[in-house]
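There are 2 protein chains.
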Amino acid sequence: MDTNDLPANVLDPDCPSRVIFQRIGDKWASLVVQVLADGPIRFSELRKMVHVVTPKVLTQTLRTLERDGLITRTVHAQVPPRVDYELTELGASLLEPLTLLRLWAEDHVPSILKARDAYDDAQDEAVIGG
Amino acid sequence: MDTNDLPANVLDPDCPSRVIFQRIGDKWASLVVQVLADGPIRFSELRKMVHVVTPKVLTQTLRTLERDGLITRTVHAQVPPRVDYELTELGASLLEPLTLLRLWAEDHVPSILKARDAYDDAQDEAVIGG
Chain A
3 MDTNDLPANV LDPDCPSRVI FQRIGDKWAS LVVQVLADGP IRFSELRKMV HVVTPKVLTQ
63 TLRTLERDGL ITRTVHAQVP PRVDYELTEL GASLLEPLTL LRLWAEDHVP SILKARDAYD
123 DAQDEAVIGG
Chain B
3 MDTNDLPANV LDPDCPSRVI FQRIGDKWAS LVVQVLADGP IRFSELRKMV HVVTPKVLTQ
63 TLRTLERDGL ITRTVHAQVP PRVDYELTEL GASLLEPLTL LRLWAEDHVP SILKARDAYD
123 DAQDEAVIGG
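The listed protein sequences correspond, in order, to chains A and B. With the working numbering as the guide, the letters of the first sequence map in order to residues 3 to 132. With the working numbering as the guide, the letters of the second sequence map in order to residues 3 to 132.
Note that these hints are calculated values from the structure, not bench results. This structure is a prediction, so every number in the text was calculated from the model and none was measured.
Here are the simulated DSSO-like cross-link-like pairs (lysine-lysine), alpha carbons at most 27 angstroms apart as the crow flies:
#1 116/B / 29/A
#2 50/B / 29/A
#3 29/B / 116/B
#4 29/A / 116/A
#5 116/A / 29/B
#6 58/A / 29/B
#7 29/A / 29/B
#8 29/B / 58/B
#9 50/B / 29/B
#10 29/A / 58/A
#11 50/A / 29/B
#12 29/A / 50/A
#13 29/A / 58/B
Bound-form chain A, shown alone (with noise of 0.2 angstroms):
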């Protein structure tokens, strides 16, 4: 949806859904949504289930996706006090695109590192060829 009400289209650079489209698809925005599939969830727990994420980004990844209204961050009045993660409705009704992405990246590594080896062995040839 742009400002001449034309059709929201990932394509026009001024539509606010090419930000959307390309914030949904980060690296890390769209584990953190997978693992929050399962229920609220603190920080640290959150921070094991989706490796290899330093705080910082994972902390950045947690407030876009707050302020795009998908996830919710309670912070409940405890010593020391405990902050759960935990997707809105909004959010929960990603999952169902997000998951067949998933399910194709895991359905179709076998033919990706097939093709990527074809490649560099192609690349390689080059090289000798040359």
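Using the hints, position chain B against chain A.
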């Protein structure tokens, strides 16, 4: 799929599906695949369709997609040489899940913009209140 023949799992940092999942959601790769849905296209036309991408980044994106077997690059012997990019069968199979994600982004623009405004207002109030 990993070396232990466990099922592929994007949350497993050792599983190749993780990088694949993160890569197909990449901000440029996902747009390039959408543009290629309409058939073979030249670099300059592709760049025009994707918008606001530097030639360097687009070249890197195309090389990665080619290496993963999702697109082909065909050089036509003419003067000046013409280079076409086209989805492979594997690349075309990515269109369905990626299009669902695109439609989600395009459909949910109003909800996300509303959430973003509410978040920013709350931040402003917190600043004024503090």
